[in-house]
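A.B. asks: Residues per chain, in single letters:
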Amino acid sequence: MSVLLEVSDLAKHYPVKKGIIRQKQVGAVRAVDGVSFSLRRGETLALVGESGCGKSTTARLVLRLIEPSAGSIRFDGQDVTGLDDGGMRGLRRRMQIVFQDPYASLNPRLTVGDAIAEPMVVHGIGNDASRRAKVQELLALVGLRPFHADRYPHEFSGGQRQRIGIARALAVEPDLVVCDEPVSALDVSIQAQVVNLMKDLQARLGLSYLFIAHDLAVVKHMADRIAVMYLGAMMEVGGKGELFARPRHPYTRALLSAIPHPDPSRRGSVTPLGGDVPSPMAVPPGCRFHTRCPYAQERCRSEVPRMREIAPGQQVACHFSETLPDVPAAQSNGLTAIAAHRLALYDAARHKVG
Amino acid sequence: MQQELLRVEGLRTVFQTSSGLVRAVDGVDLSVARGRTLGIVGESGCGKSMLSLSIMRLVPQPGRTVDGKVLLEGRNLLDIPTGDMRQVRGGQIAMIFQEPMTSLNPVHTVGRQIVEAMKVHSPKDSAAALKEQAIAALKRVRIPSPERRFDEYPHQLSGGMRQRVMIAMALACRPRLLIADEPTTALDVTVQAQILDLLRELQAETGMSIILITHDLGVVAEMADDVAVMYAGKVVERTSARALFEDPQHPYTLGLLGSVPRLDEDRDRLLAIEGAVPPPFAFPDGCRFNPRCPFAIARCRTEMPPLRLVEDGHEVACHRAPIEKALAMESAA
Ligand SMILES: Nc1ncnc2c1ncn2[C@@H]1O[C@H](COP(=O)(O)OP(=O)(O)OP(=O)(O)O)[C@@H](O)[C@H]1O
Ligand SMILES: Nc1ncnc2c1ncn2[C@@H]1O[C@H](COP(=O)(O)OP(=O)(O)O)[C@@H](O)[C@H]1O
Ligand code: SF4
Ligand code: SF4
Ligand SMILES: [Mg+2]
Ligand SMILES: [Mg+2]
Numbered sequence: 000m001s002v003l004l005e006v007s008d009l010a011k012h013y014p015v016k017k018g019i020i021r022q023k024q025v026g027a028v029r030a031v032d033g034v035s036f037s038l039r040r041g042e043t044l045a046l047v048g049e050s051g052c053g054k055s056t057t058a059r060l061v062l063r064l065i066e067p068s069a070g071s072i073r074f075d076g077q078d079v080t081g082l083d084d085g086g087m088r089g090l091r092r093r094m095q096i097v098f099q100d101p102y103a104s105l106n107p108r109l110t111v112g113d114a115i116a117e118p119m120v121v122h123g124i125g126n127d128a129s130r131r132a133k134v135q136e137l138l139a140l141v142g143l144r145p146f147h148a149d150r151y152p153h154e155f156s157g158g159q160r161q162r163i164g165i166a167r168a169l170a171v172e173p174d175l176v177v178c179d180e181p182v183s184a185l186d187v188s189i190q191a192q193v194v195n196l197m198k199d200l201q202a203r204l205g206l207s208y209l210f211i212a213h214d215l216a217v218v219k220h221m222a223d224r225i226a227v228m229y230l231g232a233m234m235e236v237g238g239k240g241e242l243f244a245r246p247r248h249p250y251t252r253a254l255l256s257a258i259p260h261p262d263p264s265r266r267g268s269v270t271p272l273g274g275d276v277p278s279p280m281a282v283p284p285g286c287r288f289h290t291r292c293p294y295a296q297e298r299c300r301s302e303v304p305r306m307r308e309i310a311p312g313q314q315v316a317c318h319f320s321e322t323l324p325d326v327p328a329a330q331s332n333g334l335t336a337i338a339a340h341r342l343a344l345y346d347a348a349r350h351k352v353g
Numbered sequence: 000m001q002q003e004l005l006r007v008e009g010l011r012t013v014f015q016t017s018s019g020l021v022r023a024v025d026g027v028d029l030s031v032a033r034g035r036t037l038g039i040v041g042e043s044g045c046g047k048s049m050l051s052l053s054i055m056r057l058v059p060q061p062g063r064t065v066d067g068k069v070l071l072e073g074r075n076l077l078d079i080p081t082g083d084m085r086q087v088r089g090g091q092i093a094m095i096f097q098e099p100m101t102s103l104n105p106v107h108t109v110g111r112q113i114v115e116a117m118k119v120h121s122p123k124d125s126a127a128a129l130k131e132q133a134i135a136a137l138k139r140v141r142i143p144s145p146e147r148r149f150d151e152y153p154h155q156l157s158g159g160m161r162q163r164v165m166i167a168m169a170l171a172c173r174p175r176l177l178i179a180d181e182p183t184t185a186l187d188v189t190v191q192a193q194i195l196d197l198l199r200e201l202q203a204e205t206g207m208s209i210i211l212i213t214h215d216l217g218v219v220a221e222m223a224d225d226v227a228v229m230y231a232g233k234v235v236e237r238t239s240a241r242a243l244f245e246d247p248q249h250p251y252t253l254g255l256l257g258s259v260p261r262l263d264e265d266r267d268r269l270l271a272i273e274g275a276v277p278p279p280f281a282f283p284d285g286c287r288f289n290p291r292c293p294f295a296i297a298r299c300r301t302e303m304p305p306l307r308l309v310e311d312g313h314e315v316a317c318h319r320a321p322i323e324k325a326l327a328m329e330s331a332a
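So the sequences go chain by chain: A and B.
Residue numbering for the first sequence follows numbering that gives the first Met the number 0, beginning at 0 and increasing consecutively.
Residue numbering for the second sequence follows numbering that gives the first Met the number 0, beginning at 0 and increasing consecutively.
Read the hints as simulated data drawn from the structure, not as lab findings.
Reference excerpt, derived from the structure (chain B facing chain A, CB under 7 Å, subset only):
| hint | residue |
| --- | --- |
| 1 | D187 |
| 2 | V218 |
| 3 | D246 |
| 4 | V259 |
| 5 | P260 |
| 6 | D263 |
| 7 | R268 |
| 8 | L269 |
| 9 | A271 |
| 10 | I272 |
| 11 | A275 |
| 12 | P293 |
| 13 | F294 |
Here are a few chain B residues that face chain A, going by a calculated C-beta distance under 7 Å:
| hint | residue |
| --- | --- |
| 14 | S157 |
| 15 | A192 |
| 16 | D196 |
| 17 | A240 |
| 18 | R241 |
| 19 | L253 |
| 20 | L262 |
Label pairs and their computed distance ranges (CB to CB):
| hint | chain 1 | residue 1 | chain 2 | residue 2 | range |
| --- | --- | --- | --- | --- | --- |
| 21 | B | G90 | A | T270 | 29 to 39 Å |
| 22 | A | P327 | B | A297 | 45 to 55 Å |
| 23 | B | H154 | A | S264 | 40 to 50 Å |
| 24 | B | P105 | A | D325 | 40 to 50 Å |
| 25 | B | Q86 | A | Y102 | 32 to 42 Å |
| 26 | A | S278 | B | E98 | 18 to 28 Å |
A quick note: this is a predicted structure, and the numbers were derived from the prediction, not measured.
For each residue, glycine too, the CB sits at the ideal point set by N, CA and C.
Isolated chain A, as found in the complex (with noise of 0.2 Å):
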């Protein structure tokens, strides 16, 4: 599969100012510190890590909706950092956003219809007619029902709302789609829901994702390729089996530790990390995990560990990667066969009533 985005060294710094008349720069947030990754096409890469590691501003970033302090983006081949509006202006139809809130995200004085049809009309694609149909068909591709095209927004359930949402990206057939948060702000079961409509969409059209979220599961259950944050710096990237199976950074197994399991008989293996994540304006010297790595030694105050390749497609930036303790394999039984029987049930059923 080719590369449809490659960002390499991304950095945000936004400057913080003091003094009321003569500002002074004291500091800077950097909220997005040195960021590389690629994405093929076809492909989800999902992005990680606690909030305001810096996942949205480097969706914004990816996007141009802000510019970067430093590094390159490519998007199919192309240095998009240098671009004016007018070369962006063909770039933008190729990447959409799907956002977290669904509440906030839709115009509450347009149709859903009109709402789908927008960035249609902002990209001059098409005529009220075709832009018609093609609202219909994409209301259909998302599960909703044609007469949905003349409702407003505050008639629709929050998943309905993020199907609109999704319906609203896809209108202008984009090959990139950056999805923030998508299904966070959902109840499991219309998570459920929404996830299931992206991979087959993805499947459909050929789409790539940007996919941020900080639900483990969800991200297992959605991604190719993980991409680990923290701190704004990218702590590890690496194929979802093996990223699961031998995290190789002690900050993704930190991740994977804190998750609990939807299975009693795993209670207490959760183990957390200790202390808080330090302010982006005063990001620790060396390593900036150090402060609160369990395997943190002298060097690591001091050296800041380089992104290097561990294992074919994984990279880890970790000085002691190899030599981490290895994980003790998760103990699970998975569903009790009554459980499973009884979920086929469940599925079996409602196919044949849906």
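The hints should help you fit chain B with the ligands onto chain A, whose structure is shown.
C.D. replies: For chain B with the ligands alone, coordinates are given in the frame of chain A:
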């Protein structure tokens, strides 16, 4: 048999709205054992928060608790005078909420707020003694340098730290029961793990009971001894946490279990539950889950299934549970 601390019977809380009568809590029965954790799980709007506010007699206007009993060690809290209830709140029963920032006052220091909370129950203590107790309370919830934090404002603390302060305040008077309404929903998983760990340690220390409200089945499995699953204002399944996962019976429980992606298996599609929770003023007749239930039959649309015992200590409100037997009988007929 576990010793019972709290027993809720037939609790009903309604809101009269312009769209109709909202039955937020509609005949709920619960029991909380001493020193144990009851998990209450369900999706948004199913009545979890209104249930806990009803227990505390803090239902907001125009809501009213119109029926039922809340028995704390045999005493019905719905019958006692308002003044006595104030003593129960923060005394025997304390509560923490999802968003610690909105429950803390931004203009007062953390220390002052803890002291105020403690004053209600020990008005005779001197200022110095209260300060000492407040610092001890911060220490108990493992806040580093509590003397310094005492003089800080809520905005100077991280989300996890604020939730610790809320827990410190809630536990200041050594309650017998802590009601925690989605205490970790707004937090990162790493911070959630710290808070859950803390709650567990404090429970072991004090022997308090916990009602833990959550929509996260992982949190239930990690924390709860017993579970009640709520849907549309009613408890639809009630059992031990172990039985809920090993022998899930109610179709809504099955739908929830199938909707959460699991780290221990790879599935292409999640089960998902069709449709959405009905609006609260328009609950369907019969079983409230029937429009979304793949197993629904004619009877489900007219007759409300009561909670009934299907196994020892396992109650389910479904006409057709266990479903494999019902389906086998149907295909035999
Ligand atoms: N002031 C009010 N007026 C009318 N209806 C209300 C009011 N407050 C709550 N309700 C309704 O009561 C029902 C239960 O609400 P509750 O807050 O208990 O849900 P919940 O299970 O805690 O949901 P969440 O997971 O979103 O916190 C909902 O249908 C809600 O719309
Ligand atoms: N416009 C801004 N000015 C200053 N700081 C900002 C701005 N936008 C984001 N930040 C800071 O950058 C960091 C990363 O933010 P964000 O990308 O939103 O994180 P995430 O999406 O991972 O939660 C945070 O510390 C945030 O407060
Ligand atoms: S470089 Fe050192 S501090 Fe950083 S993650 Fe590796 S062991 Fe921990
Ligand atoms: S009573 Fe009927 S509709 Fe309700 S959960 Fe059981 S089978 Fe489904
Ligand atoms: Mg974000
Ligand atoms: Mg609630």
